[in-house]
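*Asks:* With chain F held as given, fit chain Y onto it using these hints.
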Amino acid sequence: MSTSLVVPLHVAYIRALGDSKNELSYHLSAHLRMNAVYWGLTALLVMGHKDALDRDEMIDFVMSCWDEEAGAFGAHPDHDAHLLSTLSAIQILLMQNALNRVDVDRVVKFILSLQQPSGIFAGDAFGETDTRFLYCAVNALSLLGKLDELDVEKTVAYIRRCKNFDGGFGAVAGAESHAAQVFVCVAALAILDRLDEVDQPTLCWWLSERQLPNGGLNGRPEKLEDVCYSFWVLSALSILGKLTWIDSSKLEAFILSAQDTESGGIADRPGDMPDVFHTLFGLAGLSLLGYPALVDLDPVYCMPASIIENLGLRKGWKALQRRTS
Amino acid sequence: MSIEQHNVKRSRQTPEALAEKKQREKSKIDEFLALTDDVLSRKKKRDWSNDAFELTQRLLQINPEFYTVWNYRRNILLNGIFPESTPEQINNILSNELSMTTTALKANPKVYWIWNHRRWCLENGPDGPERDGVPSMEWRQANWDKELFVAERMLDADARNFLAWNYRRYVLANMPTRRSETSELAYTSRKIGANFSNFSAWHQRSKTLVGLWESGQLDPIQSRDDEFELVSNALYTDPDDQSAWIYHRWLIGSGENKGQLEREIQLIFELLQEQPDSKCKRLWCMESLVHYKRLLLQNHSPGSQTLKQECVELLSRLADLDPVRYVRYQDLKRDLDQ
Chain F
6 MSTSLVVPLH VAYIRALGDS KNELSYHLSA HLRMNAVYWG LTALLVMGHK DALDRDEMID
66 FVMSCWDEEA GAFGAHPDHD AHLLSTLSAI QILLMQNALN RVDVDRVVKF ILSLQQPSGI
126 FAGDAFGETD TRFLYCAVNA LSLLGKLDEL DVEKTVAYIR RCKNFDGGFG AVAGAESHAA
186 QVFVCVAALA ILDRLDEVDQ PTLCWWLSER QLPNGGLNGR PEKLEDVCYS FWVLSALSIL
246 GKLTWIDSSK LEAFILSAQD TESGGIADRP GDMPDVFHTL FGLAGLSLLG YPALVDLDPV
306 YCMPASIIEN LGLRKGWKAL QRRTS
Chain Y
-17 MSIEQHNVKR SRQTPEALAE KKQREKSKID EFLALTDDVL SRKKKRDWSN DAFELTQRLL
43 QINPEFYTVW NYRRNILLNG IFPESTPEQI NNILSNELSM TTTALKANPK VYWIWNHRRW
103 CLENGPDGPE RDGVPSMEWR QANWDKELFV AERMLDADAR NFLAWNYRRY VLANMPTRRS
163 ETSELAYTSR KIGANFSNFS AWHQRSKTLV GLWESGQLDP IQSRDDEFEL VSNALYTDPD
223 DQSAWIYHRW LIGSGENKGQ LEREIQLIFE LLQEQPDSKC KRLWCMESLV HYKRLLLQNH
283 SPGSQTLKQE CVELLSRLAD LDPVRYVRYQ DLKRDLDQ
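So the sequence lines, in the order shown, correspond to chains F and Y.
With my numbering applied, the first sequence corresponds to residues 6 to 330, in that order.
With my numbering applied, the second sequence corresponds to residues -17 to 320, in that order.
Here chain F stands alone, though its shape is the one from the complex (with noise of 0.2 Å):
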């Protein structure tokens, strides 16, 4: 148990993810590397250590994910293309200020040709559909300043249908309100100026009913808490306005408790091997939550905040106010 976070562990355990090649675990993750540098970019980047991996390395890596065919990135050098490793290479290289290196108008005709007539997007060729990949498309697009090429009523129109009683979203429609759908359809239409689709009491009210005794938060009613929900549901308070509904106290201590404070990163809850998803996940939302020396975070978009306000394209949420100890 800690009552700090401790940063110079958790710059060195990312900067040590890449030289675990002599490990089974570090080839069989192969299919989420390219989500894995953005996790472990985002990560540095809200605890203000930028430069801890080498940036003309990754910028290799990501181009060399680039599927000539498709027109896209997959998650590692010969993988296919996806729209999950597609959205988190356009994050990495727009983090490290290279879009430049991006052919846009192919990624965006690959994007566009995901989506399905109900609206909803494909997350590769092979069709399997999820609000997470309409996010994915949504995100992208806009990052890249192309959001004018998408039907937005469309899109929206499928969110509509993936909503519950509750208020929640699910993956698709007629699914169980999960809290990291609703993150992805309440970003989405953040995103798409669309929040009025959004039952906001009925869902904050949800929302703040995910968190436990303990101080940690669940993704669904009688489930056990999990660091990464401390991203999906304060990401959505922040966004609708509500992060003061939950006891940030206490979710903070939750989050500390779950760092490995011998050899750096974040587990899923106190006392499980730590990843870097999860370290991400509990620094955003630890930055959420004002913690001190942190670099604001981008509810919406998952990246640091100043980036999102250089590209014009902030949205209106909150988060509490950064405390100086």
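Be careful, since some hints might not be right.
Selected chain F positions facing chain Y (in silico; Cβ < 7 Å) [stated by the list, open to error]:
(1) E133
(2) F170
(3) D171
(4) A180
(5) P226
(6) V281
Just a sample of chain F residues kept apart from chain Y, beta carbon distances all over 12 Å, derived [as the list claims (entries may be wrong)]:
(7) I64
(8) L98
(9) R106
(10) D110
(11) R111
(12) K114
(13) E154
(14) L155
(15) I312
(16) K320
(17) R327
Read the hints as simulated data drawn from the structure, not as lab findings.
Note that the coordinates shown come from a computational prediction; the quantities given were computed from them, not determined experimentally.
Beta carbons: idealized from backbone N, C-alpha and C, even for Gly.
*Replies:* The following block gives chain Y in isolation, referenced to the frame of chain F:
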């Protein structure tokens, strides 16, 4: 080092143990990387052979999340194997795919790519053999029926697996002979009966009932009363379970039925009297009372100072009992004053 993991306990290993583990893993890594190289270079060369097909299977057994290899496997089927197969052979191949992925699913119930591959198999299967010169739907029927069975076995293992629920809804919506919504309602009754706190089943029940009401198969008024009885049983059995309370809120909806609203307020009030010791149980009773009294106020008794006062008092007690959501209660109180 994994990139994303859940429920893996942290353990400290000695440097010796770590070195030994790495040594043990070395040959596995070499084998995995060699196999990966082989498969991906065949993919680049558009090798649609049976050999390549076998290799994708070996690789996917080691790593079922390797989506590129699932894509390649489907392309081998489409471009290499199906063109040389009879419809019956294609059906057999796809049945094998489904069996193979059933095993993989049991070990990895939350891997999206496996569920996705099954969808593709179902959608690409031939309808069935000809019977007396007329095409039949036998294969398609059998595959989809079996699929519903598999999805339900997965829900037996984990009743909250949302991937399995989503998949099951997909199967129900697409199978050649649809199941009736009445039998779906019975399915949710069984799931809820087995465990009142299965919110996934309550959610599915709400969707099913709307279908039954809209199609006129059930009388909305009578059916709603039956639902209130069911959910009351759940509330009395375990009043600190959120699932039943959230469902109850759905049944009340926007609170247009005054009699119903008053009846349920009375019932919850009685439940609250029975729960003096448990904080959690009292919270949900009080929270629901506030919500329903506010609906009464808005829809049926605008301006009632008594109701307003009751809400304010309940909110003050809630703020004391549940300081975690203190601001929410304060905000609601402020709304009442406006």
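*Asks:* If any of the earlier hints don't hold here, list their numbers in rising order.
*Replies:* none
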